[in-house]
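S.K.: Starting from the known structure of chain R, fit chain C onto it as the hints suggest.
If you're matching them up, the sequences are chains R and C in order.
Going by our numbering, the first residue of the first sequence is number 1, and it counts up by one from there.
Going by our numbering, the first residue of the second sequence is number 1, and it counts up by one from there.
Check before you lean on any hint, since a few could be wrong.
As the list claims (entries may be wrong) - Below are the DSSO-like pairs computed for lysine-lysine, each with C-alpha atoms no more than 30 Å apart in a straight line:
#1 LYS136(C) to LYS282(R)
#2 LYS8(R) to LYS221(R)
#3 LYS206(R) to LYS56(C)
#4 LYS50(R) to LYS184(R)
#5 LYS68(R) to LYS193(C)
#6 LYS282(R) to LYS193(C)
#7 LYS285(C) to LYS39(R)
#8 LYS111(C) to LYS58(R)
#9 LYS132(C) to LYS61(R)
#10 LYS282(R) to LYS362(C)
#11 LYS193(C) to LYS71(R)
#12 LYS58(R) to LYS193(C)
#13 LYS362(C) to LYS88(R)
#14 LYS132(C) to LYS39(R)
#15 LYS205(R) to LYS129(R)
#16 LYS58(R) to LYS48(R)
#17 LYS193(C) to LYS132(C)
#18 LYS362(C) to LYS48(R)
#19 LYS71(R) to LYS362(C)
#20 LYS129(R) to LYS229(R)
#21 LYS48(R) to LYS136(C)
#22 LYS221(R) to LYS205(R)
#23 LYS206(R) to LYS285(C)
#24 LYS132(C) to LYS111(C)
#25 LYS132(C) to LYS71(R)
#26 LYS48(R) to LYS259(R)
#27 LYS88(R) to LYS132(C)
#28 LYS61(R) to LYS362(C)
#29 LYS56(C) to LYS68(C)
#30 LYS132(C) to LYS282(R)
#31 LYS56(C) to LYS58(R)
#32 LYS71(R) to LYS136(C)
#33 LYS8(R) to LYS50(R)
#34 LYS88(R) to LYS282(R)
#35 LYS39(R) to LYS362(C)
#36 LYS56(C) to LYS175(C)
#37 LYS50(R) to LYS136(C)
These are computed hints drawn from the structure, not numbers from a lab.
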Amino acid sequence: MENYLDIKGRVLNIQRYCGEDGPGTRTTVFVKGCSLRCKWCSNPESIKQKYELDYDRKLCKGAAACGKCLKEPFPQGAFYVVDGPDDKVHANWDLANITEEMAGLCPTGAIGIFGREMTARAVLDEVLKDESMYRNTGGGLTISGGECLLQPDFTAAILRGAQESGIHTAIETAGNVPWAYMEKVLQYVDLMLHDNKLMDAERHKKWTGVDNKRILENFKKAYEMFPEKQFITRTPTIPGINATEEHIRAVLEFIRPYKNVIDYELLPYHRYGTGKYEFLGKVYELKDFESPSDELLQHLRGIIDEAFGRNTQEK
Amino acid sequence: MKEIKRVAIALGAGFTPGVNAIIMGAAISAHRLGWQVVGIIDGFEGLLFPERYPNKGLIDLNADTISKLNPLESDAMGTASMVDPFNVRSINDLDMVEEVDMSDLLLQNLKKENIDAVIAIMMGRGLSILHKLNLKGLQSVCIPRSVENDMAATAVSFGFNSALSFTIEMLDRAKGAAKSAHRVGVIEVLGAKSGWLALQSGTAVLADAVIMPEYPCDVNRLAEHLKSRINRDRPYGLVVVAEGASFTNLSGTTTSEKSMALKKALSPLAKEEESGQFVINRSGKAAAVLSNALQSMMTEEIFPLVLGPWTRGGSATAVDRQLGLAYGSASVRALQSGQSGTMVSFMPPSMQFVPLIDSLNKVRTVQEESYFIEIARSLGIFTGE
Chain R
1 MENYLDIKGR
11 VLNIQRYCGE
21 DGPGTRTTVF
31 VKGCSLRCKW
41 CSNPESIKQK
51 YELDYDRKLC
61 KGAAACGKCL
71 KEPFPQGAFY
81 VVDGPDDKVH
91 ANWDLANITE
101 EMAGLCPTGA
111 IGIFGREMTA
121 RAVLDEVLKD
131 ESMYRNTGGG
141 LTISGGECLL
151 QPDFTAAILR
161 GAQESGIHTA
171 IETAGNVPWA
181 YMEKVLQYVD
191 LMLHDNKLMD
201 AERHKKWTGV
211 DNKRILENFK
221 KAYEMFPEKQ
231 FITRTPTIPG
241 INATEEHIRA
251 VLEFIRPYKN
261 VIDYELLPYH
271 RYGTGKYEFL
281 GKVYELKDFE
291 SPSDELLQHL
301 RGIIDEAFGR
311 NTQEK
Chain C
1 MKEIKRVAIA
11 LGAGFTPGVN
21 AIIMGAAISA
31 HRLGWQVVGI
41 IDGFEGLLFP
51 ERYPNKGLID
61 LNADTISKLN
71 PLESDAMGTA
81 SMVDPFNVRS
91 INDLDMVEEV
101 DMSDLLLQNL
111 KKENIDAVIA
121 IMMGRGLSIL
131 HKLNLKGLQS
141 VCIPRSVEND
151 MAATAVSFGF
161 NSALSFTIEM
171 LDRAKGAAKS
181 AHRVGVIEVL
191 GAKSGWLALQ
201 SGTAVLADAV
211 IMPEYPCDVN
221 RLAEHLKSRI
231 NRDRPYGLVV
241 VAEGASFTNL
251 SGTTTSEKSM
261 ALKKALSPLA
271 KEEESGQFVI
281 NRSGKAAAVL
291 SNALQSMMTE
301 EIFPLVLGPW
311 TRGGSATAVD
321 RQLGLAYGSA
331 SVRALQSGQS
341 GTMVSFMPPS
351 MQFVPLIDSL
361 NKVRTVQEES
371 YFIEIARSLG
381 IFTGE
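Here chain R stands alone, though its shape is the one from the complex (with noise of 0.2 Å):
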């Protein structure tokens, strides 16, 4: 019988010395593929389950100096040179369909995949290269995506794998799938820290694809059904959309009656994604949209502070 560490996942990204996503300094995973679209994604290179081209254009040499993309085995079309004094290669991401192995013919590695296929065993094994830090920072373990929660038996089986070498777990989600997967994993997991972009479902519809009515459900079901587990639910607050009172007292109610809800955190949004989306061939869609600013911020967490009984001082 097969270990349940040999199944296979779609891994982004693997990061050392994390240390926003839970307590302590952690490992964070990052999966790929994501069910909502969230036009703020910071993080555009994890939404699509499928691998992706990743091109870099600032790493690359040139067409005279080099040129190898320009040429079989590369689709044709699919890289090609502007006229002018710059002839480093640009990417045209809708003929860019290469493999790894293409890929890998890059000498300065500007041409990239986004994704790779890798065993639970072999996240594992990255995870616990820093076991010793987890233990000395109360740290572990987050897995996070895209959306972690798509690859329920990958997820399950890394967190699996590492609580049974002692590791702290946690998992950072949006909620959007079938219970029955956020029930699987959920049982591995120590820490579930989950996002409440809007409580409106027309303007969650609008602003990510979906509306949240079956998000809100998992989300009860698990403080309910898992009262042992910790959650820490966010906002990636975004003025215009979301950084209002309204909001935030919404978000407040929603968790009230749940004492394993622990803290409720607002991210501020920041454009820092957007340059990825360029390596990606992408149209960044909200690229007119402000920064929270420091005093709204501080006024919008004092209500949250307020709440939870804390002193705002002492944050």
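M.R.: Below, chain C without anything else, positioned relative to chain R:
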């Protein structure tokens, strides 16, 4: 090649003034050959989701319909924000968002509607998508449209003249405002990859400087140039900057380690920007950034203004009206002669047909040896290089 009896016209994403002229040119020429003509509503969406539209997503472009169209407008068929049948955003059975390849369905529905060929009015990514449909067997001819005139293999794209005329009119007004207020206007115009609109409009209004994506602009040199032009008798200035312009010697471009750490935390694959050259990748910001930089170096008051989206609206000029009819008519000639996978190219004085693959990966940029650059320099206009 199958005999053509019925053709469809598809319009790619984005607004261009006066597209009705192309539709009229194509339809009238096709009718003269005895062909039926239909328009696909909202790009390819009409045929991908016929149940959402009246008449199965098609508009009958018969002689009566055509006679009622206004050639200055673009209202005949509607547009879609995305026209990519290979990546149609959908919600699956599990209520999850995903992109689905519906190109086969599109080809099937074209066949079901007895459409033998497609005349596609496209720009940008639309060309690649059309190329992929051609590879799957679609007979099509492409008509280039671009208000920025950045499409290769044609001398003038449809829509450029209308955008140019409007931009010149707006720059004249901005210049008047600068003149009366003794200020320097920094006016951002369209042009993400090429500076034709900035160069030709800036030259027409005798701007002090034209900054284009092709030539990174040294802000110190620009400031020096402006100072040399502004005096008591001429206490104002005008800089025309394309939205895709890049700058050197712009202060505040270095990224601190602290903010990079935050960047990486929020966005794990974020890479540090190249230092030394500041590239604007956000429409509407080139003017603001350049104004701020100039203000720190000059005593005259600088004001930024962004024309961007305004340029895409409005009606077609007389030149575009003629060009539209000519492009439409030529597309039918291309189909009549059995061509497919081609683009109609205006190479004065004639219309020619070029392989689509030869034009889809090229940008028509402003070259150093361009006559327009020579004109600008001979008029004392700073062009950034």
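S.K.: Hint by hint, which ones does this structure get wrong, listed from lowest number up?
M.R.: Violated: hints 8, 15, 26, 31, 36.
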